[in-house]
Each structure stands twice: as structure tokens, then as C-alpha cells.
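Below, each chain spelled out in residue letters.
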Amino acid sequence: MKHLLSALAFIVVGSAAPAHPHVFIETQVTALFDDQGRFQGVRLIWTYDDYFSLLITEDLGVDTDGDMILTQEEAAKLDGYMTDWAPDYKGDLLIATPAGPLDLGAVQDHTGVMVDGRVIETHTRLLATPQDMTGPVTVQVFDPGFYTAYTVVGSLGIEGRDDCRAVYQAADLNKAYSMADELLNGRPASDVGPDEAFPEIGQAFADTVTVTCAGS
Amino acid sequence: MRRFLILPVLILAVVAVWLWGFGGAGRVTLWAATEQHNVQNAMAGALRRLRAGDVGAVLTLWGLCFSYGVLHAAGPGHGKLVIGGYGLGARVPALRLGGLAIASSLAQAATAVLLVYAGVLVFGLGREALQGLADGGFQILSNLMIAGIGLWLAVRGLRHLRAALQRPVPAAQPLPDFGLSLPMPHSHTHTADAVCESCGHAHGPTVEQAAEVRSLRDAVVLIAAIAARPCTGALFLLVLCWRMGIDWAGIGGAFVMGLGTATVTLVVAFGSVAFRESALAQAATGPGLARMLVWTEVLAGLLVLALATQMTWRAI
Numbered sequence: 055m056k057h058l059l060s061a062l063a064f065i066v067v068g069s070a071a072p073a074h075p076h077v078f079i080e081t082q083v084t085a086l087f088d089d090q091g092r093f094q095g096v097r098l099i100w101t102y103d104d105y106f107s108l109l110i111t112e113d114l115g116v117d118t119d120g121d122m123i124l125t126q127e128e129a130a131k132l133d134g135y136m137t138d139w140a141p142d143y144k145g146d147l148l149i150a151t152p153a154g155p156l157d158l159g160a161v162q163d164h165t166g167v168m169v170d171g172r173v174i175e176t177h178t179r180l181l182a183t184p185q186d187m188t189g190p191v192t193v194q195v196f197d198p199g200f201y202t203a204y205t206v207v208g209s210l211g212i213e214g215r216d217d218c219r220a221v222y223q224a225a226d227l228n229k230a231y232s233m234a235d236e237l238l239n240g241r242p243a244s245d246v247g248p249d250e251a252f253p254e255i256g257q258a259f260a261d262t263v264t265v266t267c268a269g270s
Numbered sequence: 002m003r004r005f006l007i008l009p010v011l012i013l014a015v016v017a018v019w020l021w022g023f024g025g026a027g028r029v030t031l032w033a034a035t036e037q038h039n040v041q042n043a044m045a046g047a048l049r050r051l052r053a054g055d056v057g058a059v060l061t062l063w064g065l066c067f068s069y070g071v072l073h074a075a076g077p078g079h080g081k082l083v084i085g086g087y088g089l090g091a092r093v094p095a096l097r098l099g100g101l102a103i104a105s106s107l108a109q110a111a112t113a114v115l116l117v118y119a120g121v122l123v124f125g126l127g128r129e130a131l132q133g134l135a136d137g138g139f140q141i142l143s144n145l146m147i148a149g150i151g152l153w154l155a156v157r158g159l160r161h162l163r164a165a166l167q168r169p170v171p172a173a174q175p176l177p178d179f180g181l182s183l184p185m186p187h188s189h190t191h192t193a194d195a196v197c198e199s200c201g202h203a204h205g206p207t208v209e210q211a212a213e214v215r216s217l218r219d220a221v222v223l224i225a226a227i228a229a230r231p232c233t234g235a236l237f238l239l240v241l242c243w244r245m246g247i248d249w250a251g252i253g254g255a256f257v258m259g260l261g262t263a264t265v266t267l268v269v270a271f272g273s274v275a276f277r278e279s280a281l282a283q284a285a286t287g288p289g290l291a292r293m294l295v296w297t298e299v300l301a302g303l304l305v306l307a308l309a310t311q312m313t314w315r316a317i
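The listed protein sequences correspond, in order, to chains A and B.
Those letters in the first sequence? Residues 55 to 270, by the working numbering.
Those letters in the second sequence? Residues 2 to 317, by the working numbering.
Just chain B, same shape as in the assembly:
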């Protein structure tokens, strides 16, 4: 079993070496930019046909929007930073992280729709003002939120580390869920439904309930941090369609773009979870694993914090 678990680590190592060792990152970005140019021009054609009354052209347009979303996400971006960082830093199940990736991409599309329609309908803003907002205030807000996530991952990790140092986890204990199953100074035992065996009352939420609350809170913060920065491509499309009087084609297109973006973020999500689990499985079990988890959390948090701070700095 362990022999198979190393596979994700190997695959990612090869990808990383290609990306940064052999200029692969440059090639991917170049390819994406060239394709994006072609897709954009094809979108112009589809939009012209739509305006001319060819309703079927909307399918062409939305197909192109999907490709645009995929291509746009092929480059570096904040969504992948957040999802990847969280996937490495917290022991989140792959499917839940995947769901977060899709939800955040769709929420990002929703922000673009809200921004454009609030801007044009309520404030009567033009394209340049909207773009200025997206590149200015919203970007800074998003980056600050991402920096906050990094800080929070790191602080949480450090708290776990302190707790682990104070009271080492015994080697025989099954995989600990940090933040929840740390040994608490509590004198009596509880059954699974959190009702105290010796006193018959519930002391608090069950482990499962606590986990749900935490992951719901995590989810809201992650999605908000990603969604706060709408993509310029979606803004362009929405403004164009609004001007052309085919608003529905633009709004649909923005969400299809979000789905396209989500495909790439999903790969990052599954990649980060697979990497974390496989690296952890390689590293150790028992107390070694415990320490490893905590350090991953701290370091992933600090890295997200550092990158987001950098992005904020340049946006100001």
C-alpha cells in the first residue's frame, strides 16, 4: 500500500522539476496566452452573430467561455494559492476541498455579475471604472483576506504545536484530528453523542459537530477570499453583453467561465490533498506524523501569508 501512496509525491515532483527546472512554467503560460488570444477573437465572432439574431451562437459563446476559464486558470492565480495552501495546511478531505474549489469559482463569477450590474445599474459606471475597482479595491481586499487565511493557518498550527509539545501524542493513538482531539483536561469520559456518562448532560458539541462548524467557517472564508477578486475576462464579457442587450448570454457565460476555472482549481485541490496524504504516509506514523502535520500547517500558512502580503503590496 505504501508503495502506491508514494505515486502522487513522485508525479508532483516530476511536474515541479519540469515547471521550474526546465522552463515548463513559461511554456504553459505562453501556450495559455496564445490560446486565450484565439479564444477571445472567436468570442468576438460569436457575440457579433448573437447580436445579429443567431441565438444558436450562444452555445458557441459558452463553449468558448469554458475554454477561456480553463486557459485563464492555467496561469498563476490567487484561487489556486488559497485552495492549494489550505489543502496542504489543513487535513481537509479531497471531495470537500473539490467542492470548495467549484463553489469558489462560481462565487467568483457571481461577484463579477454583481459588480457589473451594481456598477452600471446603480452607480452608472463605465467599463474603465469597473475595471479600476476590480484591479484596485477588490484585489486588495481579496489579498488581505488571503493573507489572513495564511496567518490563521499558521497560528492554528503553532497552537497545535504548542499543545503537542506540552503533551506528546502517544504513538499508539490513531491519526489525530488536530484542533479537535487533543487531550483535554477533563476528568470523566463521554460517549460519542457527547453526553457525559457519569453526569448525564452534554458538555458541548460532538467532535463531528465541531468539525462541521469549523469546516463551514473555513469554507465561507475561503470562498469569500477567492470570490472577492473577480476575473477581468468575465467583467469584459458582462459589460459587452450588457451593452449589446444580450445580458443573459453574458451572465451565463460568466458562470461557464467559472466552471472552466474550477477544472484547474480542482486539479490543484486533489493534487494538494494527494500530496499531503502521500507525503505524510511516507514520513511517519504516530508521533512523527503528528509533528509533521503540525509543521505542514504552520509552513503552508506562513507561505500563503508571505505570497498574499506580496500581492497586496504590489496592488496598493
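In isolation and in its complexed conformation, chain A is listed as follows:
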């Protein structure tokens, strides 16, 4: 019987666990405060990987000469495509206080451009209600299904207040993958919704930006 058990363990090599990411995005994060010093939202700059950028531009039929320079018309086409989110796409963003996630509001200043062959999507995401800084606010960008892998890059920005600071904590990917293997136990990361408290697998892969202000 012991032989059989280990034989079965061997087949589980083939069992379900989170898929490999197919899209890689480097994200820059800037925290925004309103004129009353409340946390208002974030500005995100997403730089897509070379391969997916190529896929997008070829799919749209822009930059067909491959000189990585778009005509005005092509640039408008790319911008239109990048800023037209699918209805079920929520923005892969979680802003939270220790009390829990905060409701997200409108998407603003949304643009998509190509620089050196890479597609760059920029947008501002506001909170539904600005948040008084009574404690730390955390910002995470992640795809619950881990089809897209986001990595926080560059220096963290803060606009609207000068007594705040942002700290970056990289995801422990090693731990995330191991945890995913154990927790999901055959259940895919993709059906773990962003609203679900446990087991937040997609979130395990997320870098965390923590914003704190003087007196908070």
C-alpha cells in the first residue's frame, strides 16, 4: 500500500497549480493625496514585456515596418485599444488599510503608447472615497489568476503631501509558489476571486507598497 501511495504522489506532479504567467508587466506606483491630505488613489505606469508588446502591436496591425515608431493614426489606434478595458477586467489593483480593502472608483488619465517597442499603459485609479491617513495604506497590483505577473519597479512616488513615505516589499515568489501548491490543492488560482479572503493566491505573488504619513 505504501508503494501505491507514493506512486499516486508521483502522478500528482501533473496536477493543477497556478499557470505560468504569459504576460509580464513592470509597474511604477505613485500615491496621490488630495488637498485635504487624504489618500486619494494611485497613478500606475505599466510597461509590458517585449513579447506581449509585439503581440499587441502586430495584432492591431501597427508598426508593421518594425521601426518602433508609430504614425499618428497608429498611435491613436494603440491608445484606443489599451484604454478600452474588457467589462470584466477590474484593474488588478488592491488598496487596503489594516481594516480591509477600500472601494475603488474611476479610472482617469488613461493612455497607451509604445516606447522602444514596449507598450506602456498609464492610468490613475482613485478610491471611491478618499481615505484619512489614520494608519498605513497598502497598495498591491496583481492578477488573481496570475496570467499576468506584475513587478513593482522604479522609485515610489508620492504626490500631494511631503510628510509621507512609501516602502516597498517584494513578494516572496518562492514562498508564493510553494504556498500555491499546498493551498490550492488542485484548485486553480484563477477561480480565487479578488474579493475572496482565503486563500488569496494571486495576492501571494504581489509586491506590496506600504504608505505611511506623519501621525499615522
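These are calculated hints, taken from the structure and not from any lab test.
Nothing here was measured: the structure is a model prediction, and the numbers come from that model.
A couple of the hints might just be wrong.
[Claimed, not checked] Stretch by stretch, here's where chain A covers chain B in the computed footprint (C-beta under 8 Å, at least three residues):
| hint | region |
| --- | --- |
| 1 | 43-49 |
| 2 | 231-237 |
[As the list claims (entries may be wrong)] If you want the footprint, here are the derived chain A segments under chain B, 3+ residues with CB under 8 Å:
| hint | region |
| --- | --- |
| 3 | 98-107 |
| 4 | 111-118 |
Idealized CB from N, CA, C, for every residue including glycine.
Since the structure of chain A is already known, use the hints to place chain B on it.
Below, chain B alone, put in the same frame as chain A:
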């Protein structure tokens, strides 16, 4: 001899402990994902050079496709589930299972090519629609087929078990080939060519013929179950190359990716056969072995069924 036979069991046990006991599975997946990112970006570079007219870049591209296939297969996947499960559940020779592994990977590449070209040429679909098809309908179809394989392995095992219980295999008999050499209620003896000694006619296919038919049928089902779910990486490449007007580079690349994937599936194939034979050799000979074989078949089938059902559930 038996001392050497235990080696595969030991090696696999150590690997299993590392994979699940010490977070090795996580590390392997992380490594594969990171490398995949690098390979993808390098592929973008090769594709740009190809479009610029540098035909030699196709070798770079195909080399990268091979690595991509290996890396992609390093994670969990349905092909390894099917091949591994079948290797454990049925007494299939290692080389034949290896051949199945390669054939199914190439068939999977062929599905991707057919899907993309049927999609874009016949139905005028875009990338997102194609991807939706691959992740939706095709995945569900593939998972259902895999669940079917699991069920079928289990049912076959149970039938063998029932037969074995009704009429225990004598200890002196050589290794039985289940499903074929079970004692049949037949009064006269046959020579090897299936011609009845006492009546001079053939009652049916020989054991070898029957085995070929069964393994051919098995082969078709296994390959179809794996091939029905094409890999997203191959779809991306095919659509890209089609858009760029270098279709041949993409089609070649998809099959090279399949070969890369096959290397990993081959390891699983040989591993599962080695494991089964070595575990069986350790366990017993004679009737003990017989019972062991039947139970392995039933349990492997049930496990494949359970995992495939789970995968189907999430895909719906």
C-alpha cells in the same frame, strides 16, 4: 537484480520529498516562470530580426522555442498527468509510452496550427477569440477526455479485479497480461497463431493482435486527450508570425516547442514505467503481484479521474 530495481523507487521518493516537503515544486515553477520571461523577450528580438529580413534569426527563434517548450512543461500540466497516469495504471512498455509522449506533444502543436489557421483563415477570428477558444471549449473538451481516460482505467482495473477474485491466478503462472491472458472458459487449447488444435479454425485475434488493437486504441485516445488542449505559447507565436507574414517560422516554431515539451513528458513517461515496474518488483511476485497490478490500475484511474474532474470544474 532486485537490489537495482529499487533504485527508481528511491530516486522518485527523494524527488517527491524535495518537491512537496521542502518547497521544491515552488522553486521549480518560479525558475521556469523567470526563464520563460527571458526566453519570451529573446523571441521578440528574434522575430523582429526575422521581419527585418535576417533569415538566420529563424534558428535563434526555433532554439528559443525549444527552451520555451521545456520550460513550459516544467510546471504542472495535463500531458504529464495523462502520460504519467497511464504509465502507472497500465503495463505499457517504456518505449511505447515514450513514443506516445512525443506523438502527443507534436499532435498538440498540430492542434495549435490548425486552430490558428482555421480560426484566422476560415472564421476571421482575432487573437483574443482564439485564446478564448483554447482556454474555454478546447480545455473543457480535453479535461473531459482525460476524465474519461481515468474512468476507463479504473473500470478496466475493477473488471480485472473481479475476474481475479472469481478465479485467483495460480502462483506458478508467469506475469499475467491483464485483460488478455485471464483464464477463459474454453475447453480446447490453441496454438500461438490462434488456430484451434482440435478444430482447425481461428477463434479470434491472437494475444499479440489483441494487444496491438488495444494499445492502438489507447494511443489514439491518449494523444487526442492531450492534443485537444493547445498551449497558449504556441498560439501566441503562430498569431504573431501570421501577422508578420512569416508563417513558416511560426509553424516550425510550434512543432519545435512541442519537441521541447516532449522532453519533459518523456522523463515522466520513463519515470512512471520505471516506478511501476520497480515498485511491483519490490512488492511481490505471483498472485501478490497480480493483485498489486490491478489495484494500481484502479487507483491510478481514479486519481486521473478526480484531477481531470477538478480541472473541468474550474474551466466551466
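Against the structure, the hints:
Closer than 8 Å: that is the beta-carbon criterion, and the region 43-49 of chain B has 5 residues meeting it against chain A, so the requirement of 3 holds. For the region 231-237 of chain B, the stated coverage by chain A is satisfied: 3 residues place a CB nearer than 8 Å to a CB of that chain, which reaches the threshold of 3. A stretch counts as covered by a chain when three or more of its residues have a beta carbon under 8 Å from one of that chain; for the region 98-107 of chain A and chain B the count is 5, and the coverage holds. For the region 111-118 of chain A, the proposed coverage by chain B is satisfied: 3 residues have a C-beta within less than 8 Å of a C-beta in that chain, meeting the threshold of three.
In this structure, every one of the numbered hints holds.
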